[in-house]
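Engineer: Start from the sequences and build out the full structure, keeping to the hints where you can.
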Amino acid sequence: MRALLLATVMLGVIGLAADRLSAQLSPGELSSAHAALDSSRACLECHEKGKGVTAQRCLSCHGVLGERIAAGAGLHARSDYQRCETCHIEHHGREFELIWWGKGTESPPEGWQMERPPDGGQSIYFDHDDTGYSLLGAHRVACRDCHRASHIEEPEKLIAAGKDLDRTFLGLATECATCHQDPHRGQMATRGCAECHGQDAWQPAAGFDHDQTAFALDGRHASTECTGCHVTETDEAGDWIRYAGTPTACADCHDDPHRGRLGRDCAACHATADWRRVDRGRFDHDLTRFPLRGRHRPLDCASCHAAGSFRIAGHERCATCHADEHSGQLRAACSECHDVDGFVPSGFDLDDHAATDFPLEAAHRTVPCADCHARVPTSDLVARGVAVAMDSAPATTRVFRLDAAGCVDCHLDPHAGTADAFLGEAGCETCHDGASWRVAERTATGEIRFDHGATGFDLEGAHRTVVCVECHELSSAPVTGDVMLSFQGASTTCWGCHQDPHLGQVARPEGPVSCRDCHSPEGWTPSLFDHGRDSVFPLEGAHARAACEACHPTETVEGRDVVLYKPLPTACSGCHRAPEETGTASGGVAR
Amino acid sequence: MWNLHRLLLVSLYLGGLGVVAAFAVQGFDYYTTPLIERPRHELYWSFKPGGTHGLRFGIAGAAMMTLMLGYTLRKRWRPLRRLGPVRMWLDYHIFLGICGPLFILLHSSFKVGGLVSLSFWSMAAVALSGVLGRYLYRQIPRSRAGDELSLAEVEAQDGELSRQLVQSFGLPPEAVVELETAAESGLDPDRPLLWLLFTNQIDAFRMRRRLRYFSRSHAEVEPRLRRRFELAVARKARLRRRLLMWSRLRQIFHYWHVLHKPFAIIMYLFMVVHIGVAWMTGYV
Numbered sequence: 001m002r003a004l005l006l007a008t009v010m011l012g013v014i015g016l017a018a019d020r021l022s023a024q025l026s027p028g029e030l031s032s033a034h035a036a037l038d039s040s041r042a043c044l045e046c047h048e049k050g051k052g053v054t055a056q057r058c059l060s061c062h063g064v065l066g067e068r069i070a071a072g073a074g075l076h077a078r079s080d081y082q083r084c085e086t087c088h089i090e091h092h093g094r095e096f097e098l099i100w101w102g103k104g105t106e107s108p109p110e111g112w113q114m115e116r117p118p119d120g121g122q123s124i125y126f127d128h129d130d131t132g133y134s135l136l137g138a139h140r141v142a143c144r145d146c147h148r149a150s151h152i153e154e155p156e157k158l159i160a161a162g163k164d165l166d167r168t169f170l171g172l173a174t175e176c177a178t179c180h181q182d183p184h185r186g187q188m189a190t191r192g193c194a195e196c197h198g199q200d201a202w203q204p205a206a207g208f209d210h211d212q213t214a215f216a217l218d219g220r221h222a223s224t225e226c227t228g229c230h231v232t233e234t235d236e237a238g239d240w241i242r243y244a245g246t247p248t249a250c251a252d253c254h255d256d257p258h259r260g261r262l263g264r265d266c267a268a269c270h271a272t273a274d275w276r277r278v279d280r281g282r283f284d285h286d287l288t289r290f291p292l293r294g295r296h297r298p299l300d301c302a303s304c305h306a307a308g309s310f311r312i313a314g315h316e317r318c319a320t321c322h323a324d325e326h327s328g329q330l331r332a333a334c335s336e337c338h339d340v341d342g343f344v345p346s347g348f349d350l351d352d353h354a355a356t357d358f359p360l361e362a363a364h365r366t367v368p369c370a371d372c373h374a375r376v377p378t379s380d381l382v383a384r385g386v387a388v389a390m391d392s393a394p395a396t397t398r399v400f401r402l403d404a405a406g407c408v409d410c411h412l413d414p415h416a417g418t419a420d421a422f423l424g425e426a427g428c429e430t431c432h433d434g435a436s437w438r439v440a441e442r443t444a445t446g447e448i449r450f451d452h453g454a455t456g457f458d459l460e461g462a463h464r465t466v467v468c469v470e471c472h473e474l475s476s477a478p479v480t481g482d483v484m485l486s487f488q489g490a491s492t493t494c495w496g497c498h499q500d501p502h503l504g505q506v507a508r509p510e511g512p513v514s515c516r517d518c519h520s521p522e523g524w525t526p527s528l529f530d531h532g533r534d535s536v537f538p539l540e541g542a543h544a545r546a547a548c549e550a551c552h553p554t555e556t557v558e559g560r561d562v563v564l565y566k567p568l569p570t571a572c573s574g575c576h577r578a579p580e581e582t583g584t585a586s587g588g589v590a591r
Numbered sequence: 001m002w003n004l005h006r007l008l009l010v011s012l013y014l015g016g017l018g019v020v021a022a023f024a025v026q027g028f029d030y031y032t033t034p035l036i037e038r039p040r041h042e043l044y045w046s047f048k049p050g051g052t053h054g055l056r057f058g059i060a061g062a063a064m065m066t067l068m069l070g071y072t073l074r075k076r077w078r079p080l081r082r083l084g085p086v087r088m089w090l091d092y093h094i095f096l097g098i099c100g101p102l103f104i105l106l107h108s109s110f111k112v113g114g115l116v117s118l119s120f121w122s123m124a125a126v127a128l129s130g131v132l133g134r135y136l137y138r139q140i141p142r143s144r145a146g147d148e149l150s151l152a153e154v155e156a157q158d159g160e161l162s163r164q165l166v167q168s169f170g171l172p173p174e175a176v177v178e179l180e181t182a183a184e185s186g187l188d189p190d191r192p193l194l195w196l197l198f199t200n201q202i203d204a205f206r207m208r209r210r211l212r213y214f215s216r217s218h219a220e221v222e223p224r225l226r227r228r229f230e231l232a233v234a235r236k237a238r239l240r241r242r243l244l245m246w247s248r249l250r251q252i253f254h255y256w257h258v259l260h261k262p263f264a265i266i267m268y269l270f271m272v273v274h275i276g277v278a279w280m281t282g283y284v
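Protein chains in written order, with my numbering: chain F, 1 to 591; chain L, 1 to 284.
Calculated from the structure, these hints are not laboratory results.
Here are the simulated lysine to any residue pairs, SDA-like style, with alpha carbons at most 25 angstroms apart:
(1) F:Lys49 x L:Gly276
(2) F:Lys49 x L:Ile275
(3) F:Lys566 x F:Val536
(4) F:Lys163 x F:Arg78
(5) F:Lys51 x L:Leu269
(6) F:Lys566 x F:Ser535
(7) F:Lys51 x F:Cys61
(8) L:Lys111 x F:Leu98
(9) F:Lys49 x L:Trp279
(10) L:Lys75 x L:Asp147
(11) F:Lys163 x F:Thr54
(12) L:Lys261 x L:Gly276
(13) L:Lys111 x L:Met271
(14) F:Lys566 x F:Ala542
(15) F:Lys49 x L:Leu269
(16) F:Lys51 x F:Leu75
(17) F:Lys51 x F:Arg68
(18) L:Lys75 x L:Leu269
(19) L:Lys261 x F:Thr8
(20) L:Lys111 x F:His91
(21) L:Lys111 x F:His88
(22) F:Lys49 x L:Met280
(23) F:Lys566 x F:Glu555
(24) L:Lys111 x F:Arg94
(25) L:Lys111 x F:Ile99
(26) F:Lys51 x L:Tyr44
(27) L:Lys111 x F:Glu95
(28) L:Lys261 x L:Gly70
(29) L:Lys111 x F:Ala33
(30) F:Lys51 x L:Gly276
(31) L:Lys111 x F:Ser32
Structural biologist: See the structure below:
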């Protein structure tokens, strides 16, 4: 009875749990991924008798993963990832996640690790490096940002293997293009993305060195935006920048301001640092329409190309760059007088001057231009009626357009008008020529051409050869100090000009003796004096043979040697001594 | 022998329960972690059922549960009688019945619900019924060897105790009747089993007070005999209560096996299956 009851209870208990008996063999429900295997008859689908869960059993279903392991690719090919069950823990229910992301999410925080069981006493953590692809920089994102169906290379293969593309982590290649669209549209196909781009950010492309291309960047090119040279194109996927095939010639990007005149080798003159900085050592300005010569050669470019423009309209005209030094007085082209070797000296020579209204002759040929062409305030030119562009004219200008060409227009009249009454139509040239002012022009005989007789004092004899200043007084102009030679007030008497060498010995009581009584303008000597006629002591006998000095001694009076004429004794004893006085037989002349 | 047995038993309890307690403390954080999070716990690979510790707990528990069968064998296989009395074997049986489930509890990492509940709760039922059985066992008068006494033997013991109280301690016969009435007071053998056991235990406390009062009210007992008198009074009262419930307890105890054994069989059955599956699936 008791045994029957015992059996009944036992069977009852077992019966009550009959529907769950098979479950008693399992330590827990399988995860949803393996739900199809959740049967007591399916234990050995995963477990191997006496060995537990083996990778072979797992890989019998996970064939795709098995292929990667066989190929030595990916995380699971590593020797320390061979035990499936140590990471993918099972029998913890349908909701249990087979893959542990540290915090139970596929978007773990920074520094996440996947815990693995102790193995040999040492903890092992999942490290994405172990997959063969290290997550660096911007790649530390949520898993599904990369592991998504759209990034899987051969989805049909995984689908055929029963994989859920939204859950699997398989199927991604490590090439950038697996996840990223190629923004270069295959232009860089021969290079890996990583050669230029780092993983922190797509830009800047730290690994890219433009110098390694066929067009090294330097100067201003180095700071130019990429799109400054590389054009942006658009296709159905959006905008992209064309790099390959970008032309490298300057003119491909830059307009040629020289319109091809200087050739296509811009670098021969220009550096990339600055277009305006021209390597003058290399630039041949002679290739331009304005070859540099003379003083133009050493100039800085900016002296002419100040505005940065190398196109100078009217460059053939000097006035384009230079102010008109002559303020519009001259109509001739600058080059007629000046050249590029310097504004001065001017090429305007005497021959050129001869073509003017005032040919230079004689001394005028040696006079510096400035002596006649004085520098005056330019405004004075306006007052003279010269059309001057005052905004570009210099402050002062030499006067080239002279109103008249008379001597006194330039020269001060040293005669202060005292000669005007005696000048003919020739004016100053009546007496002077251009050779020298100081020497009045004379005739072929040496006479002055001026009719001195018109002054009331005809020049006779030696007076004809005497220079004017011998008779006319020189003075200085009151203000200018110029030498003045006035003809007014000149004496017409002999003693007005000449000294009396006789110190008045020959003067008469009724008045001065006319010098002409003894002397003529032809010369002081020979004197016209006749000792028999003009003196009281005619010379006779030995007196006629005696030397003048014998009777007219020379004495010094007031420091001057004077021949003594008067008074002299006329008696013999006045001159002669008795023999006893002289000790001679004939006596002698007293001294 | 009994002293050695008690010393060994105390040592086993201290050792067994100490080990269980130590590992329970060590794995407390793991055991209190929600089941779905446990695989991520740092102690998972030690304290999970198949872990380094967990597997040892299972082996220890299974070994203890297996050794428990020694008691059953002792009761049924005569040659084992030489290896000590049944009562001593029962003590070890109870020890193993306490520590074994505790190790199995650690082995299960307290994952007692769900799919594997049947095997666990079978073990729990066996253990708890063992506690009940132990209680019932104690309520049935037994010889010193632990053999169950017959009703005549019990009644003879009761008569002997009444005679001792009268002759040895000078207690009047009516006082013995009074003691028997006090001992049986409040005890109704016809009550439902669980209620009977509960009220019996409650009445036991009340009876202890009544017996103390009874002992003190009989000052005629010489002081030197008072301690022995009190023991005799208590023994007489306990025997009277057991005599009153004897037929009911004996009947219940015999049917208790119907509760204890099926679960034990189920438990062993699942244990064997469990071990077999563990071996087959490569865990052992």
